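As you go down the protein sequences, you meet chains G and E in turn.
Final position of the first sequence in this note's numbering is 472; the numbers increase by one with none missing.
Final position of the second sequence in this note's numbering is 490; the numbers increase by one with none missing.
Treat the hints with care, since some could be wrong.
What the hints assert, rightly or not - On the chain G side, residues computed to face chain E include the following (Cβ under 7 Å):
hint, residue
1, 201
2, 230
3, 233
4, 329
No wet-lab data here; the hints were simulated from the structure.
The structure presented is a predicted model; accordingly, all values stated were derived computationally and were not measured.
All residues carry an ideal CB built from backbone N, CA and C; glycine is no exception.
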Amino acid sequence: MSGRNERGERGSPYAPHTAAETEAMLDAVDADDVTDLFDIPESVAFDGDFGIEARTERDAERHVWGLLSRNDDLTEFLGRGHYEHYVPSLVDHLSQRSEFLTSYTQYQPEITQGFLQALFEYQSMLVELTGLEIVNASMYDHASALAEAALLAARVRSTDGDRVLVPEYLLAERRDILENYTDGAGLAVETYGTDDGNVDVDALAEALDDDVLMVYAENPTTRGTIEEHLADVGDLADDHGALFCLGTDPVALAVLQEPASVGADVVVGDAAALGLPTAYGMGLGLFATREEFVRQVPGRLVGASEDAADRRTYTLTLQTREQHIRRERATSNICTNQAWVALRTAIHAAYLGPAGLVDLANDCVTLAADLADRLDDVSGLQAPVHDRHHFREFVAHTDQPAAAIASDLEAEGFAVHAVGEHEVQVCVTDANEHAVDRLVAAFEEVA
Amino acid sequence: MRYDQARWTHDKNGESTDDQYEPLLSEKNTEEVEVESPLPDELTRDTVELPGLSEPELARHYTRLSQMNYGVDSGPYPLGSCTMKYNPKFTEDVAALPSAAVHHDRSDRSLQGTLALMHGLQDYLARIGGMDAVSLQPPAGAAGEFAGILVAKAYHEAEGDGETRDEIIVPDSAHGTNFASAALAGYDVVELPSGDDGRVDLEALEAAAGDRTALFMLTNPNTLGLFERNIEEIAEIVHDAGGLLYYDGANLNALLGQARPGDMGFDIMHYNVHKTFATPHGGGGPGAGPVGVVSDLAEFLPAPRVRETDSGAYERFDPESTVGKVHGFEGNWLVLVKAYAYIARLGDVGLEDASAKAVLNANYLASQIEYEIPFGPFHHEFVASAGDQDAADVAKRMLDYGVHPPTTKWPEIVPEALMTEPTEIETKETLDQLAAAFDAVHDEDDETLSAAPERTTARRIDQTSAARDLRLSWRALGADDSEE
């Protein structure tokens, strides 16, 4: 393509200058050539090229299609922190409206009321679901929200302690981020035991002391089990003055115990279970907490206010917590967040409404239970390995090596997790339930 | 250009009111449903209360909200330091391909398309920045800074002086995230005052750099749009002290094809793909903040990265001494797809032209406005001073002229700062309109300014009331009503 765009011009197709305009503008700034405007010493000037070919839009599109078409077309039964539910078309079409998509952070609230109101609605719906008073306008993902929760605990707890307790079932990746984020503050991340896929309350009691800043648990857990002892965890944390941080997601919240009712001080999770299809792990960090901690919350908050005409309006508020004002004393370094994903999550939640969301959550219980039952009937499999209720996903024991089974299933067109030498994990939702019969048949072939 | 932004008002019983748009989605339209579930009662909640609206009602609700919002596609958006470029539509289409909607935990063998694209983007970014190795994982610029600082920390620990190198030097004009990211990683922040010319003061840097220096974080051109001409001396001072040099990529749109951080002596950098590579800002995110390093630091990068095997396949691998992870999976994948598509579209000539026109536009706009610009020569952005006017008021008044205002009151080195970055996307005609808006406001009195804006959805919003009487959800609004 010799570096010309489709208009026959050498340059960016999104820089609209005609030759005459460029000339007139150069005249106005008293320069002969655009390069005269660069104040770069010759010794560090770049005189090579990147070796990147320019393409027409059609060719660029085909190039990316070509690359992505090398992904195998697998039916995924995957979860472990990244979930897919069917996303209604309404979400795509409305979230992609230019006025939303191409706007920036609402530093000028008078001209960005639309996005502010949408974020306020996101916050409000998550307040209803968590029962906690404060929800921020998003973190990056579940893992960074968990890490920020530990840092919040370190700021609000009066104890000299530095320990953060996490359950054995915590994803290694989440633990890694928790450690990376809290190392600078000198916190120590320690593991407490679990019992048949749930928190082991006795083990937690043993591990707890007054130097613990925060206790973390999940519902549902990474292994898909529904926790049965959350109120005990909340009480134990409370007895020692530690914060209780609960990891969950907005679909699970529709039917599982309300976090506020079991004593959760912070709720984190990936809210993109609503609103985004699988996106290689891209998510939306949910962060909710109690009103008393509002001045220590990381990230942006949208609040209601009035304008000069005394109308109800919305604006970013308590910005003095944030890095652009408080710098090294900010509650977090987060600036760019996941606002657009929060918009999508809000649209999806509103689309489902309370009855639709409860139905979806109940499906996550029954689909997992039914599939576990059917896999348990397959010779060479026992499912689920935990004698618990499950949400979306469960772990099955395999007589054959799990890696070989996962690999054989891939050849049949399915993806599942191999999570142990003899354990696979399977996740089923409204997005893949249509393929359950074929998955069971494939398991019968390979197990 | 005259502008009147949409304002949908509530008209419940045929009576038009001047209230703000009464949201359909609100505490007033929620339904409470009893939770009936196959689970035992003790594991479930009793009720859920959320809005219950039909799809047509929601379509109208969000369409109206969008009409009460302003984006790059609405008009000029010269928000300094934010690089509000046009976001090409075709990149949305490629990111929406079903083949892009994949789960992270699949085998490498089944993800050759995703891994090929990631490998390609690592390669593109390395070439553009003059870096040797890139990790795509950080989900935003600040996350990129944090990842880069972790790399520096791991390097110094490997060198045996991790304990004693406990300071990060940051210029006073730097982005707030630099300070916050350094503090997050546990470092003491040493603030470096700018010299009289708005650039790094070499003597001050000499004095600040030493055995305790882990890193010096710098953006170039800096937040005044000025190129740090002494960058080689700066690099020498930092390196002689045993520290590393970090490039904040927020201003990379000023340099494409003209200079590369790697050639200037920077060891670590992040790229703001939502700025330089035109992925949409989405009302505040998601962005992506890949981090690049020179070869000596590649072993510390976040895991996993992507490499090509001898057989031409792609695989994920953990760098030998990796700092671990900074995102639960591998960052904002869909944003990376859009950035790749943008770079593949523009190529060398397009990228070089983007920066050239961005610098031309900033210089042309600056030449057309009356506000004083104390520092220069500048590249892709300039910082004017509102002088006796309040910069925040200037911004509010500019809204009435149908343009998004500059970033205001920062950097503080310029009094009543108007930090302006028109980017390459504006025509001369639009820049003339922008200049007219600047000049019109320049000549207006304080009374007019403090009464602005008048033509936007909302009039001036009371920030003090918002912060003093916190109402962060419908529940808080409901509490409000009951008090009345």
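Comparing the hints with the structure gives:
1. 201: 4 Å, holds
2. 230: 20 Å, violated
3. 233: 23 Å, violated
4. 329: 4 Å, holds
Checked against the numbered hints above, the structure breaks hints 2 and 3 and satisfies the rest.
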